[in-house]
Amino acid sequence: MTVTGSTLVITAASPATAPAAAPAARRRAAGRAPGPYRRLFALPGTRGFTAGNLIARLPMGMFGVSAVMMIAGQRGSYTLAGAVTATGLAATAVVAPWTARLIDRHGQARVAVPATLIAVLGSLALVACVRSGAPAWTLFASYAATATTPNIGGMSRARWTHLLRDSPDAHHTAMSFEQAADELCFMLGPVLAAFLCGVLFPEAGTLAGAALLLTGMLVFTSCRATQPPVAAAPRRGSPLRALGPLLPLFLVTGVVFGSMEVTSIAYLDVQGLGAASGLVLALQAAGSCAAGLLYGTVRARSLKTCVCALAVSMTLPWAAAATGSVTALAGALLLAGMATAPTMVTAMSQVHARTPEGRLNEGMTLAVTAIFAGIAAGAASAGWVVEGAGPTAAYAVPATAALIALAIALTGRSIRRPSDRSRVVRTTTAGDPQ
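Just add 27 to wherever you are in the sequence shown, counting from 1, and you've got the numbering used here.
Calculated directly from the structure, the hints in this document are not laboratory data.
Just so you know, even glycine gets a beta-carbon here, dropped at the ideal spot from N, CA and C.
Misleading hints may appear alongside valid ones.
As the list claims (entries may be wrong) - Have a look at the derived ranges for each label pair, beta carbon to beta carbon:
#, residue 1, residue 2, range
1, Ala161, Gly62, 51 to 59 Å
2, Arg192, Ala238, 29 to 37 Å
3, Ser265, Leu107, 36 to 44 Å
4, Phe222, Arg65, 27 to 35 Å
5, Pro162, Val297, 31 to 39 Å
6, Ala161, Arg328, 46 to 54 Å
Can you make the complete structure from the sequences, with help from the hints?
Below, the structure written as structure tokens:
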């Protein structure tokens, strides 16, 4: 459109150029609307702390397998190896909440680095004691020292909560990404540990895990701009009391995870496919990882809905195992895993909503500790059923645990209706209804 003197001239686009311009405009418009994950990592500093987070999180799936293979390989006793790792889990259940409380009180960088150094020294001491033939009690003491390992997943989630406190949709995407990262690291960690210990030397997995943990933690804590500020106000409220209704749910969910892993390993071993157990179990983690990323792009569902889907999906491996088909079991584990991530993301969101101000890392660590306790109980329960009734019948353990989780979600009034005091709230604008 142009103006010439007193004449207004309107020039229309020719039919040949108009169709070509429309797709180009649509492509430009599409380029201006990146996906939720691209928007997430466009925020300043997020890529840096996420890189450190992933490096430090990978060893979480390595240490247990590495310790078992190292101790059993050098001392020839799986009983001793299992007892040492169980002692480490018990020590973590006691120490981790205190470490998280110190991080909330004094800041991530100030506490996480020295706590990580203690844990790394514990791992190195374990290697030295195993290698030198030191008394058995030194193995227990060394591995117990690794209990000071900070909850890197909790610290990363705390950073997202701080950065996205006014963006609930973006916060949901971030929590979904964190859950997918958990699944990915716990899927790749044992595979990497088994490869290093089997191909190189028995201590390689523990040494590599310690190096990755320290490196990742230093990268993570060096990103100071995204670190949540330490509140100067006195801390009121108990995370344990606030999360009381949720912790049984996390405990029972842990039973689902622990029992499913032990039962599947036993089932495949009976089928003569023990060497393929890692690959088959990886399908469950892969399903959860994919579902977690997808869940971050859609609207969050209620916890009751997610746990209901979990309860239904956990009956699939039991039914597949009854057919005697390993292929059917693999598919059932993949589908079962896809219900895991949405449940954990939604449950962790309630942890964020309920935890008292300034104690978020402690609250998330309590939830993770409950999951680990459930994993230990589930593994022991499944092992007992496998010995008494066989691996097919043992698939009833995770199915029953999922039903118990559903009963908790349905009957727990405080779980169905989370507190209105959530730190992740939607801010109103001029066009929003009040």
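Query - Range agreement (Cβ of Arg328 with Cβ of Ala161, hint 46 to 54 Å) - result: At 52 Å between Cβs, range holds.
Query - CB-CB spacing for Val297 and Pro162 relative to the 31 to 39 Å hint - result: holds (37 Å)
Requested in this report: For the range 27 to 35 Å, tell me whether the beta carbons of Phe222 and Arg65 fit it or not.
Outcome: holds (33 Å)
Query raised in the report: Holds or violated: 51 to 59 Å for the Cβ distance of Ala161 and Gly62?
Result: holds (53 Å)
Query - 29 to 37 Å as the expected CB spacing between Ala238 and Arg192, which holds or is violated - result: 34 Å Cβ-Cβ, so the 29 to 37 Å window holds.
Requested in this report: State, for the Cβ atoms of Ser265 and Leu107, whether the hinted interval 36 to 44 Å holds or is violated.
Outcome: At 38 Å between Cβs, range holds.
Checked against the numbered hints given earlier, this structure breaks none of them.
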